[in-house]
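K.L.:
Each chain, letter by letter, is given below.
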Amino acid sequence: MLIFSGKRLLALLLTVLAGVYLTIIIANMGGQVDELRLVQIRGEISEAVRADPAFQDMSSAERNELIQRQVALEVERLNLDQPFILRSFDYLYRAMRLDLGRAEQMHSDAGSRQVFDIIVERLPATLLLFGTANLLIFLTSVWVALHLSRRYGSVLDRSVVGLAPSSAAPAWFYGMFLILVFAFVLPALPSGGMVTAPPPEGRLDYLASVVRHMALPLVAMFLSQIFISIYSWRTFFLIHSSEDYVEMARAKGLPEYLIQRRYILRPTLSPIVTSFLLMLIGLWSGAIILEQVFNWPGLGTLVFQAIGHRDTPVIIGTVVIFAYLLAATVFLLDILYGILDPRVRIEGGR
Amino acid sequence: MRRWLEGLKQLRRYPSAVLGTALILFLIGLAVYTVVAIPYSQALDLWRGGEQWRMHPVNASPVWTDRLRGGDLPETQIISSADVTPEAEPFPGGRRLQIPLSFDYQSSAFPSEINLFLTAEEQARAPFVRLIWQAPDGREEVLGGRRMAREERVSISQDWALERRLGHIPHVGLMLDPETADRPGPAVLQGTHTLLLDVVLFDENAGLDADLVVYGRVHGVAGTDHQRRDLMVALMWGTPVALAFGLLAAVGTTVTTLVIAAMGVWYRGWVDAVIQRLTEVNMILPMLPILVMVGTLYSTSIWLMLGVVVALGIFSAGIKMYRAMLLPIREAPYIEAAKAYGASNARIILRYMVPRVLPVLIPTFVTLIPTFVFLEASLAVLGLGDPVLPTWGKVLNDAQEQSALYNGFYYWVLSPAFLLMLTGLGFAMLGFALDRVFNPRLRNL
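Line order of the protein sequences matches chains A and P. Residues in the first sequence are numbered from 4 upward in steps of one, following the working numbering. Residues in the second sequence are numbered from 26 upward in steps of one, following the working numbering.
Mixed in with the good hints there might be a few duds.
Only part of the chain A face toward chain P is listed, based on derived beta-carbon distances under 10 Å [to be verified]:
1. 26
2. 176
3. 187
4. 189
Chain P is nowhere near these chain A residues, computed Cβ spacing over 10 Å in every case [said to hold, decoys possible]:
5. 68
6. 86
7. 148
8. 259
For the record, the hints were derived by calculation from the structure and aren't laboratory data. On a predicted model such as this, the values are computed, not experimentally measured, just so you know. Cβ atoms here follow ideal geometry from the backbone N, Cα and C, with glycine treated the same way.
Required output: the full structure, derived from the provided sequences and hints.
P.N.:
Rendered as structure tokens:
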């Protein structure tokens with residue numbers, strides 16, 4: 004068991020390493036972004052020096068020399084004087100140690116330039132919205148699917164199956180409709196943002212404001228995924244309801260709730276737990292476009308802004324955190340599998 | 026083959042399959058018609074905007090949205106000097122023209138704008154034009170005179186001096202019923218309005234062309250956007266672009282995934298291990314942020330995006346699914362027989378293993394298409410769509426940037442959304458029905 008865990012851990016670590024490095028390469032266009040930034044730096048400094056009244060009396064030669072010196076300082080500050088290949092490994096090394104460093108352009112709402120602070124500031128908003136939505140979807144779909152699997156072919160069952168294609172559209176798509184109807188046609192809910200401006204003073208008032216602002220994005224995500232989730236789980240439970248041992252239990256005359264709990268849910272606990280944990284990962288990544296449409300200040304919006312600013316440390320920071328969470332979840336899954344499913348004893352099990 | 030035919034027959038029992046197929050055929054028909062009716066280069070030119078749209082109104086709703094509610098909002102009228110007979114009065118060295126540009130106005134709502142476009146041939150001395158507005162009740166209003174250049178655009182609606190004189194914005198002030206002038210909501214004076222052009226030409230043979238445009242508040246089937254462009258162009262051309270993107274992405278992803286999964290299962294050992302590791306790496310990479318990075322840092326060409334989407338989609342969760350299905354097939358007796366007969370690895374993989382999973386691949390493939398269609402729309406909504414192509418996502422992006430919902434231009438958002446939903450529903454319905462017919466585990470239920 005220990006040897007297997009060690010191997011698995013090492014494999015996951017290597018996977019994270021590869022994923023993060025790929026992101027570093029992409030975020031830097033293999034080094035081309037550096038040239039863009041050099042041009043940008045030179046342009047900005049030249050502009051600043053020429054516009055500064057203190058340097059008006061300088062001769063052209065002196066001014067050019069000053070510009071060169073300041074460009075060199077800025078290049079050194081941003082570490083652009085080293086070859087990209089070396090800096091990419093430096094990025095990777097520090098990223099893997101979760102030393103996220105300082106942002107190059109961005110800063111948190113509180114003013115900090117630490118990447119860690121920037122990300123942590125956005126995390127609660129994303130967790131709140133996506134955590135609530137995904138939990139609702141997960142619990143509702145499993146519960147409804149379990150009941151539908153016992154009513155195969157009923158009107159309700161056929162209705163849900165018929166509605167499953169509606170999940171082809173992403174959440175932001177439904178979001179636009181919801182904003183149209185509930186924020187403009189019937190102005191009952193806010194169209195975006197996380198809290199009223201200015202924020203309410205009392206804690207309860209603040210909470211109420213956040214809940215009202217969460218309503219539309221929550222419903223958008225729910226509508227987008229609920230039917231496909233129910234359909235998937237229903238199909239899954241149907242297949243397991245047809246297993247021989249379930250038929251046997253039913254033939255023995257056991258009550259329905261016992262059959263559901265002991266003979267259907269128990270054997271399917273592994274995939275359910277798997278889905279739950281993988282769903283938890285989705286909490287962290289958020290959704291860029293849904294946050295854009297609803298103006299929600301979460302991680303998705305942060306990543307989008309970071310890419311727009313070409314702020315490499317922030318981009319890499321978010322990916323590293325995501326990668327570590329995924330690795331931890333997969334590792335936890337392997338352990339849980341061994342516990343939940345007796346058929347998956349590993350090495351040395353007798 | 027018989028199994029396929031039986032499956033197709035069974036499909037007809039599913040209303041969603043029939044409806045989905047009908048929707049898909051409609052979309053394909055629309056795509057084909059679009060490519061024929063509006064050639065690609067012409068579509069790009071139109072979508073670039075500019076002078077060719079100058080006689081279209083800004084943000085006009087579709088006509089049918091008003092007529093269904095029993096309204097009579099005005100449509101655009103273009104009164105050209107080529108359609109009227111001017112009175113000519115020659116004098117030594119030139120002539121005087123009087124060009125009456127008349128139009129019958131019956132709508133109860135004011136137009137959104139009035140512009141006059143003048144074109145004159147090259148002359149030694151520029152002509153002089155005086156504009157006189159004649160209302161149905163006989164009132165006249167002199168709008169002013171000017172010496173005109175070769176091409177002139179007279180923005181009557183933005184004539185500030187005229188607005189001050191009339192007390193209303195010009196296209197309201199000129200066309201209102203005088204008895205209602207002092208009300209908060211003045212009424213239109215219906216009937217025949219005339220803009221009389223009193224032109225002095227200093228060349229006996231010279232002519233002058235004029236187009237009076239009374240812009241409406243509704244336009245065509247799809248309405249117009251903030252740049253006067255007819256949205257029908259983008260909605261129509263969005264169809265072939267969306268279908269092409271979705272289809273190519275789904276084909277590229279599915280086929281590549283299947284072949285790679287089959288290779289992994291067949292060769293086993295380190296080949297399989299490498300594929301599994303690559304899949305796990307791919308799960309770590311967040312797809313949408315990567316697409317955003319590619320779009321921001323490289324280019325937003327739709328073909329580059331398509332390539333990246335396929336590349337990211339190859340080592341996806343689908344590989345694990347296909348692998349699970351292919352593992353038992355690998356041990357089947359007929360595979361052993363093929364190997365014993367000396368068939369090559371490529372032949373065994375492509376000829377015997379791959380076809381065995383096609384029945385399950387088809388539904389997955391069909392269901393993937395709307396996912397990619399929406400992905401393309403998603404990128405466009407983020408402002409990372411191909412800048413020259415008119416697509417549904419681009420229309421949504423424009424609408425969002427111009428605060429369409431806030432300003433009440435619902436048609437701007439709803440039309441591309443409707444087409445996106447049609448596409449998604451069509452393919453998803455067919456895909457789900459195919460899944461129920463061909464999925465071996467579902468077939469027995």
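K.L.:
Hint by hint, work out which the structure violates, then give me just those numbers in ascending order.
P.N.:
Failing hint: just 4.
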